[in-house]
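Given next are the chains, with one letter for each unit.
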Amino acid sequence: MIKLENVTKKYRTASGFNTVLNNVNVTFPVGKSVGILGLNGAGKSTLIRIIGDAEPPDKGRVTSEGRISWPLGYTGGFQGNLTARENARFVARIYGESTRYIEEFTQEFSELGEYFDMPLRSYSAGMRARFAFSVSLACNFDYYLVDEALETGDARYREKFRLAFEERRANASVILVSHNEQTIRRNCDMAAILHDGDLTLYEDLKDALHNYKVLQTQPTS
Amino acid sequence: MLSLPVSDKARNALAAIFDGITTQGRVINALVLRETKTRYGEHKIGFMWALLEPMIMVSIFVAMFANMRSDNPSGMALIPFMLTGLVPFSFFKDTMTQMQGAISGNRQLFAFPQVTTFDVIIARAILEIIILAAVFTFLLFLTDLAGWSIHVERPLAVLAACGLLCMMGVGLGFFFASLSPIIPSIRQLSSAVLGRPLFFTSGLFFTVESVPPFVRDYLLYNPILHAIELLRSAFFYEFESAYGDWGYASAWAVGLFTFGLLTHQALRRKAIVGL
Numbered sequence: 001m002i003k004l005e006n007v008t009k010k011y012r013t014a015s016g017f018n019t020v021l022n023n024v025n026v027t028f029p030v031g032k033s034v035g036i037l038g039l040n041g042a043g044k045s046t047l048i049r050i051i052g053d054a055e056p057p058d059k060g061r062v063t064s065e066g067r068i069s070w071p072l073g074y075t076g077g078f079q080g081n082l083t084a085r086e087n088a089r090f091v092a093r094i095y096g097e098s099t100r101y102i103e104e105f106t107q108e109f110s111e112l113g114e115y116f117d118m119p120l121r122s123y124s125a126g127m128r129a130r131f132a133f134s135v136s137l138a139c140n141f142d143y144y145l146v147d148e149a150l151e152t153g154d155a156r157y158r159e160k161f162r163l164a165f166e167e168r169r170a171n172a173s174v175i176l177v178s179h180n181e182q183t184i185r186r187n188c189d190m191a192a193i194l195h196d197g198d199l200t201l202y203e204d205l206k207d208a209l210h211n212y213k214v215l216q217t218q219p220t221s
Numbered sequence: 001m002l003s004l005p006v007s008d009k010a011r012n013a014l015a016a017i018f019d020g021i022t023t024q025g026r027v028i029n030a031l032v033l034r035e036t037k038t039r040y041g042e043h044k045i046g047f048m049w050a051l052l053e054p055m056i057m058v059s060i061f062v063a064m065f066a067n068m069r070s071d072n073p074s075g076m077a078l079i080p081f082m083l084t085g086l087v088p089f090s091f092f093k094d095t096m097t098q099m100q101g102a103i104s105g106n107r108q109l110f111a112f113p114q115v116t117t118f119d120v121i122i123a124r125a126i127l128e129i130i131i132l133a134a135v136f137t138f139l140l141f142l143t144d145l146a147g148w149s150i151h152v153e154r155p156l157a158v159l160a161a162c163g164l165l166c167m168m169g170v171g172l173g174f175f176f177a178s179l180s181p182i183i184p185s186i187r188q189l190s191s192a193v194l195g196r197p198l199f200f201t202s203g204l205f206f207t208v209e210s211v212p213p214f215v216r217d218y219l220l221y222n223p224i225l226h227a228i229e230l231l232r233s234a235f236f237y238e239f240e241s242a243y244g245d246w247g248y249a250s251a252w253a254v255g256l257f258t259f260g261l262l263t264h265q266a267l268r269r270k271a272i273v274g275l
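Listed in order, the protein sequences are those of chains F and C. The first sequence begins at 1 in the numbering used here and counts up one residue at a time. The second sequence begins at 1 in the numbering used here and counts up one residue at a time.
If we strip away everything but chain F, and leave its shape as in the complex, we get (with noise of 0.2 Å):
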């Protein structure tokens, strides 16, 4: 379970403040995959770095029983100039974890070959979420934050993480950001929808999608 109590964020832009979240109550049940749905820069990298504990908010908390990961994304937590085998021990080390398993599992279910052994930086966008995906699911985690990336990568690598996640649902949960509604229809259990600073959670897909289309043909004010 993952409870934000009276969150709010607010960001300086050169016209005063955007209040990206305001005062937000939201429980995330166990057990429950969430997709998270906004219109650009409704603010829900933000909020997914606040339930992952990689921004502090400006008011209010965030509890939560299990293990969160961290915000899962393009680029998140790594350093360009480690190679792959390098951050994935970082990652095992920083949990606690055994460093020679993370580095066994994450170097078999990544298929980066050689480039396993290769800078970072050196990596493709979609390499690098490949990495990224593969240490996280080699940690074990009981939510993973997903930063809308899982639409990187192949067709066949993306369906292995698909049933990767899968297999998990049963004692892990995805809050997943994205504009995909494929993506969310596939991988959620319900959705939220961010907007102007409020966040409405649906137990129904479907009633959140709905309302994420008309969101979107409203013509901003």
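A few of these clues could be false.
[What the hints assert, rightly or not] Simulated pairs of lysine-lysine, DSSO-like, Cα-Cα distance not exceeding 27 Å: (1) K3(F) with K32(F); (2) K206(F) with K160(F); (3) K3(F) with K37(C); (4) K59(F) with K10(F); (5) K10(F) with K160(F); (6) K160(F) with K32(F); (7) K3(F) with K206(F); (8) K59(F) with K270(C); (9) K10(F) with K270(C); (10) K32(F) with K206(F); (11) K270(C) with K3(F); (12) K3(F) with K59(F).
Everything labelled a hint here was simulated from the structure, so no lab data went into it.
Got chain F sorted already, so can you dock chain C onto it with the hints?
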């Protein structure tokens, strides 16, 4: 479990603190290893350079001073004299310099919730101090082998003086590391206003005794000069400084250390976001 007369609540609180400490230890350990890789990983010559740089510096200054005066300063042999100035000064200066880029250089790591700004800053300090200690030991050993026999008069006091220099460096390192993501130009300030002038006024190439009295009074405000004098007094049997003041240097060390940590505490949230 020990059955101490404490409430469950207190026990849980203790367990949480213990958990926090072990996590932080793990993170700092991982960061030190990672910094070692990023600094020396790609070029095998990297660590050699750590040794070569002070050796070249010592050689240059020895060559310069060997021409300038015929007698050794205060009876200390020239090479150990230079060595006990340049390397200990690095404990202050290089530690500070390495630390100041810690937050900007590791920003992507804050995606991991257990990695804090404190961890990335202190990891750089730890690595730098370990390297310098190894370099110092190795160079002293080398000097001894080369024929200038090294007999340290009070080893513990030498360590204490190095400790004070580290503390000052770490204190200012925390200050600049926390401030530089918010005001990037502060880095130039740290090298132009602190690094360069202190290099020439901290007694790396002179003893306080050898300076004219009217300059001496001003120079003695510099706590690093005190630390270096104290270090040499403790190092050489031939030399006893009348000017080095443990109390004065320690007060500065504690003061700068506290100041650095407080600045970091006040600015860390802003520093993480950057400009």
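Of all the hints numbered above, which does this structure not satisfy? Sort the numbers upward. When the structure is compared with the hints, numbers 3 and 5 turn out to be violated.
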